[in-house]
Structure formats: structure tokens, C-alpha cells
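Residue strings, one per chain:
Protein chains: 2
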Amino acid sequence: MYKATVNITLRKSILDPQGKAAHNALKNLGLKEVDQVRIGKLIELDIDADNKEEAHKVAETACSKLLANEVMEDFEIEIHEN
Amino acid sequence: MYKATVNITLRKSILDPQGKAAHNALKNLGLKEVDQVRIGKLIELDIDADNKEEAHKVAETACSKLLANEVMEDFEIEIHEN
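From first to last, the protein sequence lines are chains B and V. The opening position of the first sequence corresponds to residue -3 in my numbering, with each subsequent residue numbered one higher. The opening position of the second sequence corresponds to residue -3 in my numbering, with each subsequent residue numbered one higher.
Same shape as in the complex, but just chain B (with noise of 0.2 Å):
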């Protein structure tokens, strides 16, 4: 059994207002120290697999299927033995 963590970030040159709303909350806190913010997906897989490579293999097609959007997202994937 492995587990996949996917970091999901919106690329860089895609608007993030979600991070922008924080980032207003944020400084209304009186957190001025903070300069920007964008807001990612992280999401932990659990995958039954007899090697890495299969873990990995099966993380990539679950994130180019269906949890990332490749047009306005890059995804990174680690895998660790569980």
C-alpha cells in the first residue's frame, strides 16, 4: 500500500480570487506582513499497488482525469510507502 500526495496549485498565470479574498482578510487582521496568497488542492491517495511506479502511474491518470484541471492547474506527486 502506498499514499500519494498531490499539491495542486492554480498556475501562475491564472487569477486566483480565493487567494485574494484571504489576502484581504488577512491584511483587515492586521496581517500586513503577508504579500500574497493562492490556494491549492492537497490530496492524500490511498493506492494499492505492488511498486512505486505503479502507485505513481495510477496517481498521474487519477489526477489528468479527473482531480486536476491541466489547463489551469500544474500538479507534483509524491509517493511514500505506507
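If you are wondering where the hints come from, they were derived from the structure by calculation, not from laboratory data. There may be inaccurate statements among the hints.
Just so you know, same-sequence chains aren't split out, so a pair can sit in one copy or run between any two.
Stated by the list, open to error - Straight-line alpha carbon distances no greater than 30 Å define the calculated DSS-like cross-link-like pairs of lysine-lysine that follow:
no.	residue 1	residue 2
1	LYS16	LYS48
2	LYS61	LYS48
3	LYS16	LYS53
4	LYS53	LYS37
5	LYS61	LYS37
6	LYS16	LYS61
7	LYS28	LYS61
8	LYS23	LYS53
9	LYS(-1)	LYS28
10	LYS48	LYS23
11	LYS16	LYS28
12	LYS48	LYS28
13	LYS23	LYS37
14	LYS37	LYS(-1)
15	LYS37	LYS16
16	LYS8	LYS28
17	LYS(-1)	LYS23
Based on the hints, put chain V in the right spot on chain B.
Frame of chain B; chain V shown alone:
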């Protein structure tokens, strides 16, 4: 300038309906190898601070005041120099 990467995950005891929906969708797409899906948030903050410790403090305040709900979520902060 520092970059804080904040991983926000639902606590283990908390049900994750979004993850469950993604899991079912992956099963329907034929990815039977995936056993569990949990979805959290990945937040990137650009922080203007004099040193790493100060940047960490700002990120921690941002998390506990706004970004994370500590009743249901855990957060982890990593600080990198920019």
C-alpha cells in the same frame, strides 16, 4: 521575502465527503487501485519578514486566525527563502 507553504488537512476522525465523492468518481473511471481519497488545502503565502522565525510566526497567526479551522483541521507550515 519568505514563502510559506501551508498544508491543511482534515483530522483523521472527521469525515471527508469531498474526498469520498472523488473516490467514487475514480472507481467509476476504472481506477480500482485507489483505496481512499482525502482532500485538504495547500496555501502559499509570500511573507515580508526579517527572518525565518518571524515568517513562521506570521504564517502560524494567519492559520489560526483565518486559514485553518483548528477544531476540524491540522496544519503544517514550511518556510522557504525566496
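Now for the hints, and whether the structure bears them out:
Taking the shortest alpha-carbon separations for LYS16 and LYS48, only the inter-copy value of 24 Å comes in at or below 30 Å, while the best intra-copy value is 37 Å. Taking the closest pair of Cα atoms, LYS61 and LYS48 come within 30 Å of each other only inside a single copy of the chain (20 Å); across copies the shortest separation is 38 Å, beyond that limit. Proximity of LYS16 and LYS53 under a CA criterion of 30 Å is satisfied inter-copy only: 21 Å between copies versus 34 Å inside one chain copy. Proximity of LYS53 and LYS37 under a CA criterion of 30 Å is satisfied in both settings, with 19 Å inside one chain copy and 23 Å between copies.
Taking the shortest alpha-carbon separations for LYS61 and LYS37, both the intra-copy value of 16 Å and the inter-copy value of 20 Å come in at or below 30 Å. Within a single copy, LYS16 and LYS61 get their C-alpha atoms as close as 28 Å, and across copies as close as 16 Å, so both meet the 30 Å cut-off. In this assembly of identical chains, the alpha carbons of LYS28 and LYS61 lie at most 30 Å apart only when taken from different copies (14 Å versus 39 Å within one copy). For the identical chains of this complex, LYS23 and LYS53 are inter-copy neighbours only, at 15 Å across copies versus 41 Å inside a copy, given an alpha-carbon limit of 30 Å.
In the homo-oligomer, the alpha carbons of LYS(-1) and LYS28 lie at most 30 Å apart only across protomers (15 Å), although the nearest pairing inside one protomer, at 37 Å, exceeds that limit. In this homomeric assembly, LYS48 and LYS23 come within 30 Å of each other (Cα to Cα) only across copies, at 20 Å, whereas the closest approach inside a single copy is 43 Å. In this homomeric assembly, LYS16 and LYS28 come within 30 Å of each other (Cα to Cα) only inside a single copy, at 14 Å, whereas the closest approach across copies is 37 Å. In this assembly of identical chains, LYS48 and LYS28 lie within 30 Å of each other by CA distance solely across copies; the values are 16 Å between and 43 Å within a copy.
Both within a single protomer and between protomers do LYS23 and LYS37 lie at most 30 Å apart by alpha-carbon distance, with minima of 23 Å and 20 Å respectively. In this assembly of identical chains, LYS37 and LYS(-1) lie within 30 Å of each other by CA distance both inside one copy and across copies; the values are 16 Å within and 17 Å between. In this assembly of identical chains, the alpha carbons of LYS37 and LYS16 lie at most 30 Å apart whether taken from the same copy (16 Å) or from different copies (15 Å). Proximity of LYS8 to LYS28 under the C-alpha cut-off of 30 Å is restricted to the intra-copy arrangement: shortest distance 22 Å within a copy versus 33 Å between copies.
In this assembly of identical chains, the alpha carbons of LYS(-1) and LYS23 lie at most 30 Å apart only when taken from different copies (17 Å versus 36 Å within one copy).
Of the numbered hints stated above, none is contradicted by the structure.
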